[in-house]
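**Student:** Could you build the full structure based on these sequences and the hints that come with them?
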Amino acid sequence: MMHITTIFIWFILYSILGWIYETIFCSVKTLKWDNRGMLIGPYCPIYGIGAVLDVLVCSGLPNYGAVFLTCMLGSAVLEYTTSYTTEKLFHAVWWDYSDLPLNIKGRICLPCSLGFGAAGLIVLYGIHPYMARVTDSLSLSWQEPAALLLMAVFSADCALTADSLIALNVKLETTMKAIDSQISERYDALIENTRQNLSEGLETLKEKISLEEFRERRMMEELKHTLSTMNWNQTRALRSSVSFRHARYRELGSRMKHALSFRRKETERQDLK
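According to the working numbering, the stretch in the sequence shown is residues 1017 to 1289, in order.
Incorrect hints may appear among the rest.
[As the list claims (entries may be wrong)] Below, computed lysine-lysine pairings styled on DSSO-like, alpha-carbon distance capped at 27 Å:
1) K1193 <-> K1048
2) K1273 <-> K1048
3) K1187 <-> K1104
4) K1187 <-> K1273
5) K1273 <-> K1104
6) K1104 <-> K1121
7) K1048 <-> K1240
8) K1045 <-> K1121
9) K1273 <-> K1193
10) K1193 <-> K1240
11) K1121 <-> K1273
12) K1240 <-> K1273
13) K1273 <-> K1045
14) K1240 <-> K1187
Keep in mind the hints are simulated off the structure, nothing from the lab. Since the model is a prediction, treat every value here as computed from it, not as a measurement.
**Tutor:** Rendered as structure tokens:
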């Protein structure tokens, strides 16, 4: 019977391999460095969970076809469940398949599920025999302290990431409320001032009472203020997400990510000088 310590070490190692794959694939795709994953460390837990389940569940299956189908369906369930849970907790999206065919709410899609089915075969028959040799070469007296150390680091990472994401959501909510409140107050004040000065031209009045103009100005001011109050963990959490499902956060989150990207480019230009 497989020891829980060995299984946990597999989970961490496969999570690291998943992070390496995701980061290389997305960096090549976008032609820029893309540090994937919602956690601070270099691992994507969903890959670790998927690979370990592949090994534990599929090792006893009779043929390649059964392994492929099990991994394809299992990956779809795992991806959908993970996506739904993290979005409910943090309102953020770490992958979105909306632009791919046969997708369900952007959480899963047939092409990717087929790819994960093939990946299950690669892991079980190509990678895991070597992974097992690595862990088999270590006695439990060495595996246990290694697993405890890895668990401590991983748990601390999860706690810090969750705290950063919760704080980020609070900042987004506070920023949106500030924008709405100040737009309402200033817009009402402008309307009142306009009524008291009806001698102005119609076009001038239209320009002054433009709600979108007020909203844009206030959003940019509040965005700059919010970014200035964010720590490194919150900034990294924002960069790692693809977007936000929450309608109120989506636009502001997108603008904040754009501002972070612009700020990084400006810093790089200054460093080159």
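**Student:** Next step is simple, just say for each hint if it's right about the structure.
**Tutor:** Structure-based check of each hint:
The hinted pair formed by K1193 and K1048 fails the criterion: a straight-line CA distance of about 34 Å is larger than 27 Å. Restraint check for K1273 and K1048: the C-alpha separation of about 15 Å stays at or below 27 Å, so the hint holds. Between K1187 and K1104, the direct Cα distance comes to roughly 17 Å. Compliance with the 27 Å bound is thereby established for this hinted pair. Among the hinted pairs, K1187 with K1273 is consistent with the structure: their alpha-carbon atoms are about 14 Å apart, no more than 27 Å.
Restraint check for K1273 and K1104: the C-alpha separation of about 21 Å stays at or below 27 Å, so the hint holds. Distance check on the hinted pair: K1104 and K1121 sit about 14 Å apart at the alpha-carbon level, within 27 Å; holds. A hinted pair counts as satisfied when its Cα atoms are at most 27 Å apart, and K1048 with K1240 qualifies at roughly 25 Å. Taking the CA atoms of K1045 and K1121, the gap is near 23 Å; set against the 27 Å cutoff, the hint holds.
For the proposed pair K1273 and K1193, the alpha carbon gap of about 19 Å is at most 27 Å, so the pair holds. Under the criterion of a C-alpha separation no larger than 27 Å, the hint pairing K1193 with K1240 is consistent with the structure, at around 15 Å. The hinted pair formed by K1121 and K1273 meets the criterion: a straight-line CA distance of about 23 Å does not exceed 27 Å. Between the alpha carbons of K1240 and K1273 the distance comes to roughly 12 Å, so the proposed pair stays at or under 27 Å and holds.
A distance of roughly 18 Å separates the Cα atoms of K1273 and K1045; the hinted pair therefore holds under the 27 Å criterion. Under the criterion of a C-alpha separation no larger than 27 Å, the hint pairing K1240 with K1187 is consistent with the structure, at around 12 Å.
Going through the hint list in order, the structure does not satisfy hint 1, though it satisfies all others.
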